[in-house]
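Protein sequence lines correspond, in order, to chains A and B. No gaps in the numbering here: position 26 of the first sequence is 8 in our numbering, and each next residue is one more. No gaps in the numbering here: position 82 of the second sequence is 64 in our numbering, and each next residue is one more.
Just so you know, the hints here were simulated from the structure itself, not pulled from any lab data. There is no bait here: all hints are sound.
Treat identical chains as interchangeable: a pair holds within one or across any two.
For lysine-lysine, the following DSS-like pairs were computed, each having C-alpha atoms within a straight-line distance of at most 27 Å: (1) K(-8) x K33; (2) K18 x K(-8); (3) K18 x K78; (4) K(-8) x K78; (5) K63 x K(-8); (6) K33 x K78.
There are 2 protein chains.
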Amino acid sequence: MKDILNNLDKAFENKVRLGIMSVLMVNDKIDFISLKELLGVTDGNLASHLKNLEKKQYISFEKDFVDRKPNTTYKATDTGKQAFKAHINAIENLLK
Amino acid sequence: MKDILNNLDKAFENKVRLGIMSVLMVNDKIDFISLKELLGVTDGNLASHLKNLEKKQYISFEKDFVDRKPNTTYKATDTGKQAFKAHINAIENLLK
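Only chain A is shown next, with the shape it has when bound in the complex:
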């Protein structure tokens, strides 16, 4: 029971990052606008949390064009999925 917080991942403490990862666990990939609308956050807020998760290599992105407009889609990496599952398990253990 000691150090019961050790398995919680600081990267997922913030609720926007928790939301991004939750969405990417059930959706193979999602574009910036859809993610923004789903989470109800601003462009800047979302961009900064996406960058943070990219830096940890928990998500990856791809840029392409839709109707000649630039479009970025995001997906969770295997590392990210594993880390997120471990975090959720840690929360569940904490609540026991």
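Given chain A, put chain B in place with the hints provided.
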């Protein structure tokens, strides 16, 4: 599905506060030293997060003496318990 983050409580984003509340959901009350050892955090860190939860009226405390030494015990308020349950429900909904 819009604004799926709205029901997450910022007060419980931090993992130490998440830990404090988890402990206080299953223990009627707990003293500072036991809580500190359980969570594996420093005095200063724990004190600052306890103060934060007190300010939101999610926990209350009582000071008394044990073997003539001052001893503070903490418990979750009804408001705190309700807020925490709502937060956990919000996480569960997010993961669906």
